[in-house]
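Q: Generate the whole structure from the sequences, applying the supplied hints.
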Amino acid sequence: MLRIVLWRLAFAVPLLLAVTAAMFALAANSPFDPVRQYLGDRAMVTSPEVVARIRAEWGLDRPLLEQYATWLGNLSSGQLGESHSFNRPVLDVILERLPWTLLATGCAIVLMLAGSLVVGTLAAWRKGSALDRIITGGALANESAPVFWLALAAIYVFAVTLRWLPAGGLTDAGSTTLDPLDVAAHMVLPVTVLAISQSSWLVLYVRESVIATLREDFVLGARSRGLRERTVVVRHALRAALLPFLTLLGARVPELVTGAILVETVFSWPGVASATVQAALSVDFPLLAVLTLLGTLAVVAGNLLADLAYRIADPRTAS
Amino acid sequence: MLSRLWPAALVAVLALTACSAPSTAPAADDAFVIAISSEFETLDPVKGYAPDGGSMMFDGLMTRSADLTLRPALATAPPVVSADGLSAVFTLRQGVRFHDGRPLTAKDVAYTYTSVKGSPIGGDYEAIDTVTAKDDHTVEFRLKHAYAPLTQRTTLGIVPEGGFPAGKPIGTGPYTFVSWTPGDKVVMTANKDYWGGAPAIGRVVVAFAADDNVRATRLAAGEFDATILPPKAAARFENQRGLKVYKVDSADYRGIMWPFKQKVTGDVAIRKAMSLAIDRQAMVDTILAGAGKPAYGPVSPDTVWHNPSVTGRTDPEAARKLLDEAGHKPGPDGIRASFTLMYPAGDSLRKELSLAVASDAKKIGIDVKLAGLDWDAIEPRMARDALMMGYGSPYDPDYVNFELFHSKFAGQGFFNPGHYDNPKVDAALEKGRASTDQAVRRQAYQDFQQLVHDDEAWTYLAFLKHVYVIRGDYQGVTPSVDAHEHATGGLFRDLHTWKPAA
Amino acid sequence: MRTAAFVLVALGLAVLLVPPIFQLDQQLVDLRAAGLPPSPAHPLGTDEVGRDVLLRCVYGLRVSFLVGLVAALVSMVIGGTLGLAAGSAGGLVDRLLMRVVDGFSSLPHLLLGIFIVAMFAPSPVAVVVSVGITHWTSAARIVRSEVLSLRGRPFVEAAISGGASRSRVIYRHLLPHLVPHLLLAMVLMVPHAIWHETALSFLGLGLPPHLASLGNMINDGQRSLLAGNWWSSLAPGLFILAPTLAVSVLSQRWRDRLNPRMRSELAL
Numbered sequence: 001m002l003r004i005v006l007w008r009l010a011f012a013v014p015l016l017l018a019v020t021a022a023m024f025a026l027a028a029n030s031p032f033d034p035v036r037q038y039l040g041d042r043a044m045v046t047s048p049e050v051v052a053r054i055r056a057e058w059g060l061d062r063p064l065l066e067q068y069a070t071w072l073g074n075l076s077s078g079q080l081g082e083s084h085s086f087n088r089p090v091l092d093v094i095l096e097r098l099p100w101t102l103l104a105t106g107c108a109i110v111l112m113l114a115g116s117l118v119v120g121t122l123a124a125w126r127k128g129s130a131l132d133r134i135i136t137g138g139a140l141a142n143e144s145a146p147v148f149w150l151a152l153a154a155i156y157v158f159a160v161t162l163r164w165l166p167a168g169g170l171t172d173a174g175s176t177t178l179d180p181l182d183v184a185a186h187m188v189l190p191v192t193v194l195a196i197s198q199s200s201w202l203v204l205y206v207r208e209s210v211i212a213t214l215r216e217d218f219v220l221g222a223r224s225r226g227l228r229e230r231t232v233v234v235r236h237a238l239r240a241a242l243l244p245f246l247t248l249l250g251a252r253v254p255e256l257v258t259g260a261i262l263v264e265t266v267f268s269w270p271g272v273a274s275a276t277v278q279a280a281l282s283v284d285f286p287l288l289a290v291l292t293l294l295g296t297l298a299v300v301a302g303n304l305l306a307d308l309a310y311r312i313a314d315p316r317t318a319s
Numbered sequence: 001m002l003s004r005l006w007p008a009a010l011v012a013v014l015a016l017t018a019c020s021a022p023s024t025a026p027a028a029d030d031a032f033v034i035a036i037s038s039e040f041e042t043l044d045p046v047k048g049y050a051p052d053g054g055s056m057m058f059d060g061l062m063t064r065s066a067d068l069t070l071r072p073a074l075a076t077a078p079p080v081v082s083a084d085g086l087s088a089v090f091t092l093r094q095g096v097r098f099h100d101g102r103p104l105t106a107k108d109v110a111y112t113y114t115s116v117k118g119s120p121i122g123g124d125y126e127a128i129d130t131v132t133a134k135d136d137h138t139v140e141f142r143l144k145h146a147y148a149p150l151t152q153r154t155t156l157g158i159v160p161e162g163g164f165p166a167g168k169p170i171g172t173g174p175y176t177f178v179s180w181t182p183g184d185k186v187v188m189t190a191n192k193d194y195w196g197g198a199p200a201i202g203r204v205v206v207a208f209a210a211d212d213n214v215r216a217t218r219l220a221a222g223e224f225d226a227t228i229l230p231p232k233a234a235a236r237f238e239n240q241r242g243l244k245v246y247k248v249d250s251a252d253y254r255g256i257m258w259p260f261k262q263k264v265t266g267d268v269a270i271r272k273a274m275s276l277a278i279d280r281q282a283m284v285d286t287i288l289a290g291a292g293k294p295a296y297g298p299v300s301p302d303t304v305w306h307n308p309s310v311t312g313r314t315d316p317e318a319a320r321k322l323l324d325e326a327g328h329k330p331g332p333d334g335i336r337a338s339f340t341l342m343y344p345a346g347d348s349l350r351k352e353l354s355l356a357v358a359s360d361a362k363k364i365g366i367d368v369k370l371a372g373l374d375w376d377a378i379e380p381r382m383a384r385d386a387l388m389m390g391y392g393s394p395y396d397p398d399y400v401n402f403e404l405f406h407s408k409f410a411g412q413g414f415f416n417p418g419h420y421d422n423p424k425v426d427a428a429l430e431k432g433r434a435s436t437d438q439a440v441r442r443q444a445y446q447d448f449q450q451l452v453h454d455d456e457a458w459t460y461l462a463f464l465k466h467v468y469v470i471r472g473d474y475q476g477v478t479p480s481v482d483a484h485e486h487a488t489g490g491l492f493r494d495l496h497t498w499k500p501a502a
Numbered sequence: 001m002r003t004a005a006f007v008l009v010a011l012g013l014a015v016l017l018v019p020p021i022f023q024l025d026q027q028l029v030d031l032r033a034a035g036l037p038p039s040p041a042h043p044l045g046t047d048e049v050g051r052d053v054l055l056r057c058v059y060g061l062r063v064s065f066l067v068g069l070v071a072a073l074v075s076m077v078i079g080g081t082l083g084l085a086a087g088s089a090g091g092l093v094d095r096l097l098m099r100v101v102d103g104f105s106s107l108p109h110l111l112l113g114i115f116i117v118a119m120f121a122p123s124p125v126a127v128v129v130s131v132g133i134t135h136w137t138s139a140a141r142i143v144r145s146e147v148l149s150l151r152g153r154p155f156v157e158a159a160i161s162g163g164a165s166r167s168r169v170i171y172r173h174l175l176p177h178l179v180p181h182l183l184l185a186m187v188l189m190v191p192h193a194i195w196h197e198t199a200l201s202f203l204g205l206g207l208p209p210h211l212a213s214l215g216n217m218i219n220d221g222q223r224s225l226l227a228g229n230w231w232s233s234l235a236p237g238l239f240i241l242a243p244t245l246a247v248s249v250l251s252q253r254w255r256d257r258l259n260p261r262m263r264s265e266l267a268l
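Chains as they are written, first to last, in full-length UniProt numbering: chain A, 1 to 319; chain B, 1 to 502; chain C, 1 to 268.
No wet-lab data here; the hints were simulated from the structure.
A hint or two may mislead.
What the hints assert, rightly or not - Computed far set for chain A versus chain C, every beta-carbon distance over 10 Å:
id, residue
1, S47
2, Q67
3, R88
4, G106
5, L122
6, L140
7, P146
8, D307
Said to hold, decoys possible - Residues on chain B that point at chain A, a partial pick, calculated with CB under 10 Å:
id, residue
9, G118
10, D374
11, A377
Said to hold, decoys possible - Covered stretches of chain A, going by a simulated chain C footprint (3 or more residues, C-beta under 8 Å):
id, stretch
12, 23–34
13, 72–85
Yeah, the Cβ is synthetic: ideal placement off N, Cα and C, and Gly gets one too.
A: Next comes the structure, spelled out in structure tokens:
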């Protein structure tokens, strides 16, 4: 077990290094002037001397390799720099926003798992029925529909037309405290949309594996012993189908990151994923770079978890 | 099974995040929530926060009335200006205290103006040489050159000497700072000991929501008490009970900046023809949903400085004739001339205006190629390609115009990017800046507007109306003429004098 | 299945034929006809500045399709080259290259795409590059595994033992067998690339906003949604959904036919 963890970590280090180098190389060749970006509209009334002074303060006039080394050194010692688009230290931005992203995506994963298991099993159980057709067709269509479009549709229906749920944000603006119920109400739409957008492959996967196991001998045996249909499906077929499930889930982290970026943006959810877009729009390199690294780390962690889960679930591969 | 875990997980994670999030003062149902589109870059006046007033937590030496005239705030009277215009002396109000209890002295004023010169807005205070405290309540501004708009520049909020700890603003204003949740909101509470009288609205929250739709929806849901919206998004709130829509005139214009050193856009016939081809009223009616008025020059008709003879009309036929006479005959494809018009890609208003300009130009045989770019990509091209720009200040015609039209700023970043050069305009601007005689200044800026119009230095499209929606009924809401930038300035600038109507 | 084919053909014809017939000027707006709901004159209504939504959708699909196609080509070239190199070189080179592929494919595509576009300003080229260099890994894997299986085949082994040079083996024997696989991979890649382009454009990090692209249109439509104008965001969404869905249904069937034993259990 430890060997897997170490092996994965050993693989992660060069990966992260390569990502930092690539990001820095891209930024260095970027036509954008970070000072201009930082000043925004104020650039119209800022004299060139002030610009030059800021440039010197940020060390933009020093050689590239030196800048890279400085940046990397700062990163590894936890000094993540200042975010120009948020006007605050990058670390603060991330510490404040990461919990909200974890909360929303965590809930979305749970909802996605539960929902897909139920829906996928239903489709398998009633294979070939109208219900099955609707579920598989819906899953395929859902896979093809852009998540931001689904999110807009959800806002139009539930926030604009029916007015059941808030259209965005974290809490009611008037409140100065975090009321869990308030937050929960604001979470319903983003979490549901994120969960639904990620669940197509899962529904289809659950359906196929349940169908496959329903054909296997031990399930047929259970049936022939006269067990109730529901018991057969839940106890035997579903359990066997669950085995490689977690592994697949770990490998889906990149898609989850992508979904989170789009969903958080549409619903103005104050998480790290929507901060990525804000940082990108204002070419806020310090923040964008750290967020990209964070996304990469999430993927590495997902792969590690997938490996571990696979070994724990299936002792045969433990050797 | 798993579905049973879901509520438990929700509660657990919620509890975790609730602990880590900053919990501020008690829930305030009485809070007045203003939603604005972009977060403050800073709350420190000496770093560029609200130099033209509307800062709520700070006072300037002077402040503006609704008719834009200046009246004393932390000063007791307008400054005593020396005959050569190089010195201005302010006497400070007695007994004013900062939120932390320290008394206001002349040293604080000197510190504020010395510090602001090193900030991104330092260029606005370039005329100021030194600011010194003569005694506790007298402060003298020494100028490098005579500078008539100096008093206009003294609306900058005064900070205590030595500043304040980062993120904990301290001023003398009607509201004291409570908390700033980045990305979310700033909370302020009424300063009961305010020298101008305690505000009636006891608690103010300034919430940030970049998306216009989000602000509109949350206002409709009662989460926000006031917000600024694009005219189209505000339309559905008109005549709605409990809500009041204010359409406030502004000096905030959109217009085309022409590069003068280019063959096509450097030709006055092309520029004048474009001005004739553009249907400004259609832009105002559709793109601005009626909230605006056609613009023909840089000075708002709602200010005393406006020159009424600067006007224009829509007449494509006359435009074609003008082009014919200037030798721009249509080619086999019907195209007479072609140029590129840039607009900032993230700005949908400027995008739509640019599209409308291109469509109008097509009707007179001018091919306008659009380029939606980032500001960084726009900047190096400004001397070559036309640009959909926006600016405008109602306070003093010297503001912005000096830098935009004086030839000595040609090609310096966003100052006069089109290399406009007219010695008569330079002279008028200089006269207006240096003279302390109101009549002389007025004539100088009348001439300036006429000259810029005759040259068609820019083609102005529209002055926007800023649209505010306010929930509830308040007395003392006094619309004034807004500037281009107006976060909590504009209609909210004197929120502390608003009173809920009985 | 038949519906899917029909949808693809119809959209393909529209994309090919509508632009030359209508000669729409992308920049032409009609402020006096803004925000009209669907009607016989404008089957899908008009947008905020009076442009016909249906026509713009067709133009948008064309732009998205072009960008998607070029991006898919770019990723095929990168992935194909690396896969071929890894598969035919074998040994350390193969292992090293496959590690790179592993590392690359584990990165979140959109995040990298956003980074690249942010640093180089939104433009068609930036979008194509950002999609191309984030999507090549699957092509690399497919080509490598095909090369490995081909290397074991008698005709290739014969060529190698017959003294043919490596480049000759690759050129004459491997490449012709790889082309159909690459083509299939590319067809499957196009919807991915379209999705990627629309997502970037939607975030304001894609094509220039006055250009008719499906992502830009949804972004524009988002603003008028609250004013009750649902048609200008619904329509472009359907124009993304329809071809993507059709391609995935068809490719499913295609794979089933190639490999009947692995037949999936889809009920469609």
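Q: Each hint needs a verdict: does it hold in this structure or not?
A: Comparing the hints with the structure gives:
1. S47: holds, 26 Å
2. Q67: holds, 15 Å
3. R88: holds, 19 Å
4. G106: At about 17 Å from chain C, A/G106 clears the 10 Å cut-off, so the statement holds.
5. L122: For A/L122, whose nearest Cβ neighbour in chain C is about 13 Å away, the distance exceeds 10 Å, so it holds.
6. L140: Violated, since 6 Å does not exceed 10 Å.
7. P146: violated, 6 Å
8. D307: Nearest chain C Cβ is 12 Å from A/D307, so the label holds.
9. G118: It holds, given that the least Cβ distance between B/G118 and chain A is near 8 Å, below 10 Å.
10. D374: Since the shortest Cβ distance to chain A is 7 Å, the answer is holds.
11. A377: Holds - the Cβ of B/A377 comes within 10 Å of chain A, reaching about 7 Å at its closest.
12. 23–34: Our answer is that it holds, as 7 residues pass the Cβ test (under 8 Å) against chain C, meeting three.
13. 72–85: violated (count 0)
Hints 6, 7 and 13 from the earlier list are contradicted by this structure; the remaining hints agree with it.
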